[in-house]
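Colleague: Each chain, letter by letter, is given below.
Number of protein chains: 4
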Amino acid sequence: MPIPTPLHGVIPPVITPLTPAGDVDTGSVRRLAEHLIGAGVHGLFLLGSSGETAYLTDAQRLTALEAAVDAAAGRVPVLAGVIDTTTARVLDRAADAVRAGADALVATAPFYTRTHPVEIAGHFRRIREAAGLPLFAYDIPVAVHTKLPRDLVLELAGDGTLAGLKDSSGDDGSLRRLLVELRPLAPDFSVLTGSELTVDGALLAGADGVVPGLGNVDAHGYVRLYEAARAGDWATARAEQDRLAALFALTDAGDPGLMGASSSALGAFKAAARLLGLIDCAATAAPQVPLDEAAVARVRARLTGAGLL
Amino acid sequence: MPIPTPLHGVIPPVITPLTPAGDVDTGSVRRLAEHLIGAGVHGLFLLGSSGETAYLTDAQRLTALEAAVDAAAGRVPVLAGVIDTTTARVLDRAADAVRAGADALVATAPFYTRTHPVEIAGHFRRIREAAGLPLFAYDIPVAVHTKLPRDLVLELAGDGTLAGLKDSSGDDGSLRRLLVELRPLAPDFSVLTGSELTVDGALLAGADGVVPGLGNVDAHGYVRLYEAARAGDWATARAEQDRLAALFALTDAGDPGLMGASSSALGAFKAAARLLGLIDCAATAAPQVPLDEAAVARVRARLTGAGLL
Amino acid sequence: MPIPTPLHGVIPPVITPLTPAGDVDTGSVRRLAEHLIGAGVHGLFLLGSSGETAYLTDAQRLTALEAAVDAAAGRVPVLAGVIDTTTARVLDRAADAVRAGADALVATAPFYTRTHPVEIAGHFRRIREAAGLPLFAYDIPVAVHTKLPRDLVLELAGDGTLAGLKDSSGDDGSLRRLLVELRPLAPDFSVLTGSELTVDGALLAGADGVVPGLGNVDAHGYVRLYEAARAGDWATARAEQDRLAALFALTDAGDPGLMGASSSALGAFKAAARLLGLIDCAATAAPQVPLDEAAVARVRARLTGAGLL
Amino acid sequence: MPIPTPLHGVIPPVITPLTPAGDVDTGSVRRLAEHLIGAGVHGLFLLGSSGETAYLTDAQRLTALEAAVDAAAGRVPVLAGVIDTTTARVLDRAADAVRAGADALVATAPFYTRTHPVEIAGHFRRIREAAGLPLFAYDIPVAVHTKLPRDLVLELAGDGTLAGLKDSSGDDGSLRRLLVELRPLAPDFSVLTGSELTVDGALLAGADGVVPGLGNVDAHGYVRLYEAARAGDWATARAEQDRLAALFALTDAGDPGLMGASSSALGAFKAAARLLGLIDCAATAAPQVPLDEAAVARVRARLTGAGLL
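Chains as they are written, first to last, in this note's numbering: chain X, -8 to 300; chain L, -8 to 300; chain P, -8 to 300; chain F, -8 to 300.
What the hints contain is simulated information worked out from the structure, not anything from laboratory work.
Please read all numbers here as calculations on a predicted model, not as lab measurements.
Careful: at least some of the hints might be erroneous.
Which copy is meant is left open, so a pair is good if it fits within one copy or across any two.
[Unchecked claim] Below are the SDA-like pairs computed for lysine to any residue, each with C-alpha atoms no more than 25 Å apart in a straight line:
id, residue 1, residue 2
1, K138, D246
2, K138, R22
3, K138, A252
4, K138, G248
5, K138, A237
6, K138, G164
7, K138, R90
8, K138, D233
9, K138, D83
10, K138, A277
11, K138, P281
12, K138, L176
13, K138, S165
14, K138, L249
Based on the provided sequences and hints, a complete structural model is requested.
Modeller: Below is the structure:
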């Protein structure tokens, strides 16, 4: 399906449920997708960081994406992360995504290697030309270790290479400047924030939507927040964001002395989704460290505090 | 004078005008202070990053601070940066600031050396005890190369060590979590954002005020933005912020191949203030590279575009 | 073939020659491998950073590795990089490497995602168990953005998980401490430096060998350096290293304003290998920027200066 | 006194002994200086990182420097750190150092602020011109957060701005390239490594000397290492370096969960110096965390293991 221009609203980066044996649990993918669509989300983003894309084999990625496309059944667009180190490898991922029926692609700058704005531009242009689907740039310096230069995004928005930006840089000041400079240049370009704690501010600033990892846990909350902002009811938007910010503390459930931030946050999203009955099993992929019982209890307490349990 | 609790509103980080010979131009300090107070700002922050504090000798710092305190004449509180590497050196700066009549102090975590949260806490506690003035923590990782941990700020807010926070981290997501956790704990604690491009969002999120470097150039704009936000008129606040975000592009006036970010941004603030007649001379302190004529022309164009010239 | 314990000597990280169309040029792989073995190297490391592994598809990686294994024909061991973001993906790469006939595997810590020492340990243990080949840890913070903790390497050396370390961290101080602590614990553990400019010092410190990207260009030089060090002739070793350090300046051939460090260094290695007749075509993989004629002339001048042309 | 050209040998960065009340213990400064000179060091570097310069007030710095100059009595040159954020502040420190009788100055690039190579060059040139003493550049990215570009050092060595470099970057590969390029250009330029774990390799590479923090604890060891290297006896140099590398583990005495790296390393140097009877009191300056008894016992064990107790 063609995606709306600009793509807007709540597009959760869907977690990838696994079985206890570590396989993709396609039944839970479908159940979760159904739940999210029922909550009113405006799209699904598969195979992003919250989807554990860095932890999944190519075969697992394909399985998860196919299940989501099938579950979405054209009701909302499905964006597919095509996360790999450089162009040729991303093109392999893009071919899989096209085959699985994705509606748009989401790619980062090259990583692992050292890169340069000229190379990043060439990278996105080659992907756009080869894959034939709308392309979103994924700005996630915590993973990629470069920040997409604002001038580069403006250039690739202006010439049609990019359909949009998923900004997970956390740099809302730079995002504001981008929004101000972008509007006269590329009004159909979609700016989506991945900063799930400042969505009210981002929407006030003119962002088109949000890609919140926490949306796996409380999609209704983000939809309410988005609708309030659309209606100009900023007091409601703020209150909803405050509630979600308090809920977000569940990502700290794991002990930082025992595990990495990914283990804690992705483990918490999955534990919460299981406690809410959205998926069958909270297992995360190796080598992440599983949350222990005390950590899961902390997740449960946050869900209760937010009125979700 | 006792500062309001919480301190709120627009508190510009005042630039330090210099003469062509490099001395502090106290006449321009006074004229600028008078202008800012006339524009309705709620306080003055001397000797911050925008004040070139890292470039001024102790004697120059004292001169600039005394002039500002004298010019403010108790109409608005004067906060003084006491920026130095570690505790004993900060205490020397604090003694100067007390002597000059500052109403509150603003200190960073230790820098140059490698530090630890336990040491940062001890650092702020010693400064608070020794100096006898309200103390604000200055979170500016781009300079200090550590980010103040949220738990540490909560602890020092709760026990009264800190009267407030100037958050120049640019991490508005972390700021949101702090605000949500802080309110029930320390309602009089003042949270000021130094992120001058996301002030509407920060005020929506519950921040008490803003410390905008660009406020040296357009104090009226920030006061209008603040007042609109206070009144719940978010459409006006957003429009004002958009205008200021466009104006902020003047900080890119210098060629990044020829100078550092400080030379460009501080040079542009000073060039703008001179073009607006607020100070006599746009010189910045060594070893910053002066803006050339083309750069100053770019600054002028931005002022014109924002309706200031 | 079983690898020597400890693996020692000169093990170049072999570049991956491409055709003008971008395919792996297996003829040039073989010719280069033959040249390197003839120069006296002690092993070949395929699919490392110098091998453009981050730029090659899985199919290309397999093609290059198979050609090298075939060319080596058991005369020297072939190590294969299995570079991917996390465990399951690395295991897919490892299965390919085993199939191609590699003698040992070289893996990094997880990247793209945020990780933790406990997870890194689990990562290496799972790879070692599943792949059934000797495993080398590849410490390359410039790519992976974490440094392998010394205690972790000691633990995994002591329990047999790791057969060795390729240290491309550039942190020779930490390497010295590792060497001092490692010897009584795991005398067969192989420590290979990837810091091609400090090989004399590393060998003096007790390293077993070197994995020099520049060894693609001057394998004889590194073999002479290694042999001099083995013989305790440090004056000769130093002079050879000085000559190689001067030659290394060819990696700066590209204009840093126009391309990234990878484009410049890998482009220069390939340009040099072509000028020396070791491969047919100097093309690098997308999105790297090709060296222009002036840059290739700079490479040629360095080769001449080092007595290679 | 004029310093040798190039300055060479062992120049310890002298710790600054404090009394229990936190004052500079000039008696211990003198005793330690006497001990170091007796051990055969070739110079004293006061007010470097090991000297806790970031923790001392200007008055304390002056006191410590005057005591050391007086104790040295012209037998070895005294270098003085003039560590501050930018040019004007460094010039104040330099005036103090000149007044105290220092023989040379050691300055870093600007820090706290963001800088640029053009500004760094201007910074060193202004200091050199104003202070009238030989000037050493102090490359310490862990504190300053920029690395001195090699081209910049070459330029400032070639034009006589700098008399030498203290390289505490830990980047021995870059150091090697510098040494190779520097020799024909500025044969009298002094290159001193601050990487106390790779001194044998640095001397093999052609460095002129070493500035080892651990030299406060085992000056005789570093002098033996230096003399062996001068004599071309690399086996002895290596063995001495290995012994010193094992001793260096005392810097890990403090619990990293309870304190920063500075507290642990500087606390350990001082604890060791006190255990060896070189200073009266092991106190470090606020806000560093003191070593507890268990940590001091670990220091004692390392001294015993190295044959110093």
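Colleague: Take the hints in turn and mark each one as holding or not.
Modeller: Status of the hints after comparison with the structure:
no.: 1; hint: K138 - D246; in the structure: between (29 Å within a copy, 20 Å between copies)
no.: 2; hint: K138 - R22; in the structure: neither (35 Å within a copy, 40 Å between copies)
no.: 3; hint: K138 - A252; in the structure: both (20 Å within a copy, 17 Å between copies)
no.: 4; hint: K138 - G248; in the structure: between (28 Å within a copy, 17 Å between copies)
no.: 5; hint: K138 - A237; in the structure: between (28 Å within a copy, 21 Å between copies)
no.: 6; hint: K138 - G164; in the structure: both (13 Å within a copy, 17 Å between copies)
no.: 7; hint: K138 - R90; in the structure: neither (30 Å within a copy, 38 Å between copies)
no.: 8; hint: K138 - D233; in the structure: between (28 Å within a copy, 22 Å between copies)
no.: 9; hint: K138 - D83; in the structure: within (24 Å within a copy, 30 Å between copies)
no.: 10; hint: K138 - A277; in the structure: between (28 Å within a copy, 20 Å between copies)
no.: 11; hint: K138 - P281; in the structure: between (30 Å within a copy, 23 Å between copies)
no.: 12; hint: K138 - L176; in the structure: within (21 Å within a copy, 36 Å between copies)
no.: 13; hint: K138 - S165; in the structure: both (10 Å within a copy, 19 Å between copies)
no.: 14; hint: K138 - L249; in the structure: between (29 Å within a copy, 18 Å between copies)
The structure fails to meet hints 2, 7 from the earlier list, while all remaining hints are met.
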